[in-house]
Amino acid sequence: MAVTPKPVDLTTDLGFLKLRNPVLTASGTFGYGLEFEPYLDLAKLGGIVVKGLYYKAREGNPPPRLVETPSGLINAIGLQGVGVEAFAAKVLPELRRLKTAVIVNVCGADDDEYAAVVEFLDRQEGLAAYELNISCPNVKKEGACPALSPRTTFDLVKRIKAASRRPLITKLSPNVTSIVEIAQAAEEAGTDAVALINTILAMAIDLETRRPKLGNVYGGLSGPAIKPIALRMVHQVASRLKVPVIGMGGIMTGADALEFLMAGAAAVEVGTASFIDPDAAVRIVDEMERWCAAHGVAAVRDVVGTLKTS
Amino acid sequence: MTIERNARLREVQSWGDHFRFVIDAPAIGRDARPGQFVMVKVSEGSAPLLRRPLGIHDADAAGFELFFRVAGQGTEILSQKREGERLDIIGPLGRGFTVASAAKGRTAALVGGGRGIAPLFFLARALAAAGARPVIFYGGRGLADIPLRDRLEKAGFEVRCSTDDGSFGFAGFITALVEKELARVEPAVVYACGPDPMMKALAAITARHGLPAEFSLESVMGCGIGACWGCVHRIRNEGGDGWVKICEEGPVFPGERIRWP
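Protein chains in written order, with my numbering: chain A, -12 to 297; chain B, 66 to 326.
Think of the hints as simulated: they come from the structure by calculation, not from any bench. One or more hints might be untrue.
[Unchecked claim] To give an idea of the interface, some chain A residues facing chain B are shown, with a C-beta separation under 8 Å as derived from the structure:
{"#": "1", "residue": "F17"}
{"#": "2", "residue": "F23"}
{"#": "3", "residue": "P25"}
{"#": "4", "residue": "E46"}
{"#": "5", "residue": "G47"}
{"#": "6", "residue": "E55"}
{"#": "7", "residue": "I64"}
{"#": "8", "residue": "D266"}
{"#": "9", "residue": "A281"}
[Stated by the list, open to error] Below, simulated DSS-like cross-link-like pairs (lysine-lysine); rule was C-alpha separation at most 30 Å, straight line:
{"#": "10", "chain 1": "A", "residue 1": "K148", "chain 2": "A", "residue 2": "K128"}
{"#": "11", "chain 1": "B", "residue 1": "K146", "chain 2": "B", "residue 2": "K106"}
{"#": "12", "chain 1": "B", "residue 1": "K265", "chain 2": "A", "residue 2": "K200"}
{"#": "13", "chain 1": "A", "residue 1": "K5", "chain 2": "A", "residue 2": "K295"}
{"#": "14", "chain 1": "B", "residue 1": "K106", "chain 2": "A", "residue 2": "K31"}
{"#": "15", "chain 1": "B", "residue 1": "K106", "chain 2": "A", "residue 2": "K200"}
{"#": "16", "chain 1": "A", "residue 1": "K145", "chain 2": "A", "residue 2": "K5"}
{"#": "17", "chain 1": "A", "residue 1": "K295", "chain 2": "A", "residue 2": "K229"}
{"#": "18", "chain 1": "A", "residue 1": "K128", "chain 2": "A", "residue 2": "K43"}
Quick reminder that beta carbons are idealized off the backbone N, C-alpha and C, glycines included.
All chains should be modelled from the sequences, with the hints used to inform the complete structure.
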């Protein structure tokens, strides 16, 4: 008689937030969440990080906005989207009925706009946390953003943390000389967690036309191509920080996600995979559960930080 | 919308680098409307990473058809699929052409440039079923670019062909043929799918003649379901011009709303 495997405990405790499982959807790759309702049960996700939100609606970059590269995708969307008022009026009421944690990715053209977004959202109900997007490479020239220096990271995180009534996750840029220094600055400023990595600043060229393949010239590289870099950065940061790390970068399978947990991430975000398979995040949860069951792992949290380096 | 992971490729027909696939996928076929598209996974690995958007060429209760030309890595891999293989397809997606009941007894001009003919066969069938008379204008650079002309004629449609090199039909751009034939055909509405320069020229012609027209736009797409905001085109809205997602609000737009580059 076959032995029924014990159910695997998938629950994930970030300290400030308890999740059904460690899989969140990465901002900018899952729209406002509702786009995916026809394709998967959103209640099966650990949580949704909705598309980056500025105070005012944003027009975004001129096309072409996407270019495929080997095992990767470079995007230069430019954070087109609705502003806070339309978000609160049209999107948030729909998100509130979902039985999953909703995290808003908070953006700003300057520190005051970040603060204004948080101040506005603090008056709304139904959100679990904020993900402070200090690292989008597609908005200013040559990928400039607060996440490029420990000083600007510290100042912004400190200000937003003090202003916010909700937990704060700071999303870091890989386009830096030392991501550990930036992560430490965010931790010192009081962030409740860090999320990494955002996309890697990149470009693609059309040889015949001698033109960049993106309207914005530069964009952010995502997909399986960046996973090894993301793993390395997550491992470096998780080894040195006390606050939880949320890992992302090219996660396509449950095995990929479990590697991030081994490297020290307490949870993961699934990004580009959702473009190819709208139900990828739920499949990844299932694959993680099956791996744990097959390896006698009772709780997925027991995988976190178990990488053997000696 | 359905994710059909096990759609059977029932039949493959090819003409050089043009391919027609007949695919068993009842859930997609039943819901499909002319002008909608599907997202096809061409590879299980990450080469290429993204699905490919392809217009629905025809559909019925058993499934749907695709017609495409090999234009890059994705369509190259797709073209090598064999009858009986299984395909992973999401669809039907997007907003298609308007087939108004008012079309009854009226003539519609359908203008397809090259592989842009793909969605117009399905549209012509729907228009004919609604009692309209579709006249199909089908253009290409040369004879090899208009392989569907026999299929269109056998289906009973009036077909007017053009080739840029004069190897078949009217010698010149399809838009010149349309303009030349307008007085004779007297369409009440114009539908088009093809390269942007063709559609831009046609938009100018239809605007000049005060003809309602709908255009199916094409773009690289990240997801096809409105999540990535990668496939935008400049579109006139109530509040002014903006970047609008082709996959979600389109791919078909009324001519007067489209801003051509």
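Hints, verified against the model:
At a threshold of 8 Å, the smallest CB-CB gap from F17 (chain A) to chain B is about 6 Å, leaving the interface hint in force. With a cut of 8 Å, the hint placing F23 (chain A) at the interface with chain B holds, because the nearest CB-to-CB distance is about 7 Å. Because the closest C-beta pair between P25 (chain A) and chain B is about 5 Å apart, less than 8 Å, the hint holds. The restraint placing E46 (chain A) at the interface with chain B holds, with a minimum CB-CB distance near 6 Å, inside the 8 Å limit.
Annotation: interface hint on G47 (chain A) holds; nearest CB of chain B at approximately 5 Å, less than 8 Å. Of the supplied interface hints, the one on E55 (chain A) holds, with its beta-carbon coming within about 6 Å of a beta-carbon of chain B, less than 8 Å. The criterion of a C-beta within 8 Å of any C-beta in chain B is met by I64 (chain A), whose closest approach is roughly 5 Å, and the hint holds. Hint status for D266 (chain A): holds, given a least beta-carbon distance of 7 Å to chain B, under 8 Å.
Taken as an interface hint, A281 (chain A) does not check out: its beta carbon lies about 22 Å from the nearest beta carbon of chain B, beyond 8 Å. Pair hint K148 (chain A) plus K128 (chain A) holds up; C-alpha atoms about 27 Å apart against a cutoff of 30 Å. Under the criterion of a C-alpha separation no larger than 30 Å, the hint pairing K146 (chain B) with K106 (chain B) is consistent with the structure, at around 12 Å. Distance hint between K265 (chain B) and K200 (chain A) is fulfilled; the C-alpha atoms sit about 22 Å from each other, no more than 30 Å.
A threshold of 30 Å between alpha carbons decides the hint, and for K5 (chain A) with K295 (chain A) the separation of about 27 Å falls inside it, so the pair holds. Our distance criterion of 30 Å between C-alpha atoms is met by K106 (chain B) and K31 (chain A), whose separation comes to about 24 Å. Straight-line distance between C-alpha atoms of K106 (chain B) and K200 (chain A) comes to about 23 Å, which keeps the hinted pair within the 30 Å bound. Between the alpha carbons of K145 (chain A) and K5 (chain A) the distance comes to roughly 24 Å, so the proposed pair stays at or under 30 Å and holds.
Under the criterion of a C-alpha separation no larger than 30 Å, the hint pairing K295 (chain A) with K229 (chain A) is consistent with the structure, at around 19 Å. Proximity of K128 (chain A) to K43 (chain A) is assessed by CA-CA distance (about 20 Å); at most 30 Å being required, the pair is judged to hold.
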